[in-house]
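Asks: What follows is each chain in one-letter form.
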Amino acid sequence: MDKLKKMTSYRLFWPIVCLALVLLFNLIKSPSFFEISIKNGVLYGYLVDIFNRSSELIILAVGMTLCVASSAGTDISVGAIMALSGAVSVYLLGSGETYAIPWIAAILIGLVVSVLCGMWNGFLVANMKIQPMVATLILFTAGRGMAQLITGGNNLYVKVDSFKYLGGFLPHIPVPTPILVAIIVVILATLFLNKTATKLYIESVGINPRASRLFGLNSTKIIFITYAACGLCAGIAGMIATSRITSIDANNVGNLMELDAILAVALGGNSLAGGKFSVAGSVIGAITIQALSTTLYAMKVTGDQLPLYKAIVVIIIVTLQSPEFKKYLNRIKAKRAAKTAGEKVA
Amino acid sequence: MRRSIKKVAAGLLATMMIGTMLTGCGGGNKKDSASSKKETSEINIGFSQVGAESDWRVANTKSMKSALTAKNGFKLSFADAQQKQENQTKAVREFITQGVDVIAIAPVTETGWETVLKEAKKADIPVITVDRQIKTSDDSLITAWVGSDFKKEGVKAAEWLIKEKGKEKGDVNIAVLQGTIGSSAEIGRTKGFKEGIKDQKNFKIIASQTGEFTQAKGQEVMESFLKQNKDIDVVVAQNDNMAFGAIDALKAAGKTPGKDVTIISFDAIKAALKKVQSGEINAEFECNPLHGPRVAELAKKIMKGEKVDKIQYVDEQVFTKDNTTKEVINKRAY
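Protein sequences appear in the order of chains D and G. Residues in the first sequence are numbered from 143 upward in steps of one, following our numbering. Residues in the second sequence are numbered from 7 upward in steps of one, following our numbering.
Hints are computed from structural coordinates only; laboratory data are not their basis. Glycine included, C-beta positions come from ideal geometry on N, C-alpha and C. Fair warning: there could be bad hints in the mix.
[To be verified] Simulated crosslink set (DSSO-like; lysine-lysine; CA at most 30 angstroms straight-line):
no.	chain 1	residue 1	chain 2	residue 2
1	G	Lys210	D	Lys452
2	G	Lys141	G	Lys127
3	G	Lys171	G	Lys204
4	G	Lys158	D	Lys442
5	D	Lys171	G	Lys210
6	G	Lys171	D	Lys442
7	G	Lys316	G	Lys261
8	D	Lys171	D	Lys452
9	G	Lys316	G	Lys68
10	G	Lys127	D	Lys181
11	G	Lys141	D	Lys442
12	G	Lys158	G	Lys327
13	G	Lys200	G	Lys327
14	D	Lys452	G	Lys200
15	D	Lys301	G	Lys68
16	G	Lys68	D	Lys442
17	G	Lys257	D	Lys181
[To be verified] Counterexamples of contact, computed for chain D against chain G with all Cβ distances above 10 angstroms:
no.	residue
18	Gly295
19	Asn296
20	Pro316
21	Ala383
22	Arg386
23	Val395
Based on the sequences and whatever the hints tell you, model everything.
Replies: Below, the structure written as structure tokens:
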């Protein structure tokens, strides 16, 4: 009993349970869901799809977690930043038979743009003390406009084959590249947060910025950095998204992904009110969201009904994790315990 | 001062229009006086475009601009609405005060036009809508509509498929990548295709899901289709971007698009025609953005006082490997 209690109080218990539930449902519905085979020298199967498709969301969720933790606010401009940085890179690479500038340079410049966007958000939130949602609303609307300006309102295509590697497969490697990138981002973020005192700093600023300042932490700087990091994550996700379709579609790249990223943070058991956070939780949240979409596709839910089913499952998951619901469960348990105790006495 | 000029202009225009309107409604006597006046002078036309959100739209704008030139007897006022209806309303009001002869609108949305169209009617300016349609309670507010017959595109695709695969003995399994649910292109193409294959008993739609008209979603949904269904014979993608995504997904699954799986797509943009030529797409059903010439012809007819049909479908082609030559691709502007 004690063990169970210990387990349920473990931070990641509920997020993992939710993901397991979604996957379990698939196991009952269609056992072939878990088949993984090798086709054409690469991994092939539903599970691979889930991880592959959730890569961008995982990367976004890592950045979003930091913003939420430090400033108790969300960065709603990440989808637009994805489109903007993607547009910059594709524009620089050009649509000729060879790259106009080296691939790595275009990617780096794209990432620099995304970091600049993140720094702009950080400046508004940390230095100007503007509400995060309002501050990031600026790039949320303007980002796509800038991307359109760069592309001239057209979809630009990159014709060089190697551009596909980042969103597809590297030669002789059976694992989709986006999964590898996501793993690297998560590992680097975790190492950086936990091996240095950064995680502690962010959490303390999130819980009480004034107290942290009195304690000697530069709250402004820490919030600023989290937004810049979030911008970088959006840039990386944007590179993967554009490589997947070997083109930039400024209207649709990362469209509405900011909402999924926020949802991933929440599903991961992180409080949107800031403070203590778990990157691993957000990653599990992101995978859960994609697992849900893929499951619904596999169940042949039609397109017009898809959002409804998604909403129902999200409501269930969020309810399961809410403190009020847990309190309610505890109360029932206590009552039952009291009853059995009473019976024993009698 | 300005106002009085406007009034005079509007008054002049109104008398001119009444002539054309009367003839339009049943062929009156005033036809001669009105048309002889107009044939010599150029036609002032105001065009309010949605914006420049896609290659298709850009081609649409180019077509309008190149058809409505001074050489062809037009004076075009062009207004880009940047995807906002309020900008379009403003533009149309401006056209009315400028006293143009004809107003053309490529509307952002189907509804919300009643007031401004009534103002145009009051000023006796005929309105032609382009591409999307407008819903109004009063039919007389719009003189004509020029655009694509999405349903017919779907029917044509079905006919092509029946010709291609109708004689096969076994079941023909079809997967459909729908566009954004509820958009007129999705509704028309889905309906037309379904009706077209209704009598073909061995044609089975085994999967149907939205790819939201984007390449990324098309790819994701196709990946999932391929895992649910071992043998998909035909993929119908309701636009080219989704077809591109489907092709990538098929390749990743080790299938040869165009050979193992027949691919049908709509729109026929330049990049897609190249894939028709290389055999990765089997048939393309055009969604023609080149509305300019038809609008020019209509405007001239209206100004002459001739009766015009309210619904004007543009001509649309089918592209297969046989008729997709290098010249066709090179000529493609979008």
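Asks: Decide, hint by hint, whether the structure agrees.
Replies: These are the hints, each one checked on the structure:
Restraint check for G/Lys210 and D/Lys452: the C-alpha separation of about 28 angstroms stays at or below 30 angstroms, so the hint holds. At roughly 16 angstroms between alpha-carbon atoms, G/Lys141 and G/Lys127 fall within 30 angstroms of each other, so this suggested pair holds. This hinted pair checks out: G/Lys171 and G/Lys204 have alpha carbons roughly 14 angstroms apart, not beyond 30 angstroms. Using a Cα cut-off of 30 angstroms, the hinted pair G/Lys158 and D/Lys442 holds, with the two alpha carbons roughly 27 angstroms apart.
Pair hint D/Lys171 plus G/Lys210 holds up; C-alpha atoms about 23 angstroms apart against a cutoff of 30 angstroms. Distance hint between G/Lys171 and D/Lys442 is fulfilled; the C-alpha atoms sit about 25 angstroms from each other, no more than 30 angstroms. The hinted pair formed by G/Lys316 and G/Lys261 fails the criterion: a straight-line CA distance of about 46 angstroms is larger than 30 angstroms. Taking the CA atoms of D/Lys171 and D/Lys452, the gap is near 17 angstroms; set against the 30 angstroms cutoff, the hint holds.
Restraint check for G/Lys316 and G/Lys68: satisfied, since their Cα atoms lie roughly 24 angstroms apart, inside the 30 angstroms limit. For the suggested pair G/Lys127 and D/Lys181, the alpha carbons sit about 64 angstroms apart, so the restraint of at most 30 angstroms is broken. Straight-line distance between C-alpha atoms of G/Lys141 and D/Lys442 comes to about 34 angstroms, which puts the hinted pair past the 30 angstroms bound. A distance of roughly 21 angstroms separates the Cα atoms of G/Lys158 and G/Lys327; the hinted pair therefore holds under the 30 angstroms criterion.
Distance check on the hinted pair: G/Lys200 and G/Lys327 sit about 25 angstroms apart at the alpha-carbon level, within 30 angstroms; holds. A threshold of 30 angstroms between alpha carbons decides the hint, and for D/Lys452 with G/Lys200 the separation of about 27 angstroms falls inside it, so the pair holds. With a C-alpha separation of about 25 angstroms, the suggested pair D/Lys301 and G/Lys68 falls inside the 30 angstroms cut-off, and the hint holds. Straight-line distance between C-alpha atoms of G/Lys68 and D/Lys442 comes to about 41 angstroms, which puts the hinted pair past the 30 angstroms bound.
For a cut-off of 30 angstroms, the pair hint linking G/Lys257 to D/Lys181 stands: about 10 angstroms separates their Cα positions. Listed as outside the interface, D/Gly295 is inconsistent with that label: its C-beta sits roughly 4 angstroms from the nearest C-beta of chain G, within the 10 angstroms cut-off. Once the 10 angstroms rule is applied to beta carbons, D/Asn296 is inconsistent with being away from chain G; the minimum gap is 6 angstroms. Residue placement check: D/Pro316 keeps its beta carbon more than 10 angstroms from all beta carbons of chain G (closest about 12 angstroms).
With a least beta-carbon separation of about 7 angstroms from chain G, D/Ala383 fails to lie farther than 10 angstroms from that chain, contradicting its non-interface assignment. Interface exclusion of D/Arg386 from chain G breaks down, the closest Cβ pair being 6 angstroms apart, not more than 10 angstroms. A cut-off of 10 angstroms between C-beta atoms contradicts the statement that D/Val395 is not in contact with chain G; the least separation is 8 angstroms.
Hint compliance for this structure: hints 7, 10, 11, 16, 18, 19, 21, 22 and 23 are broken, all remaining hints hold.
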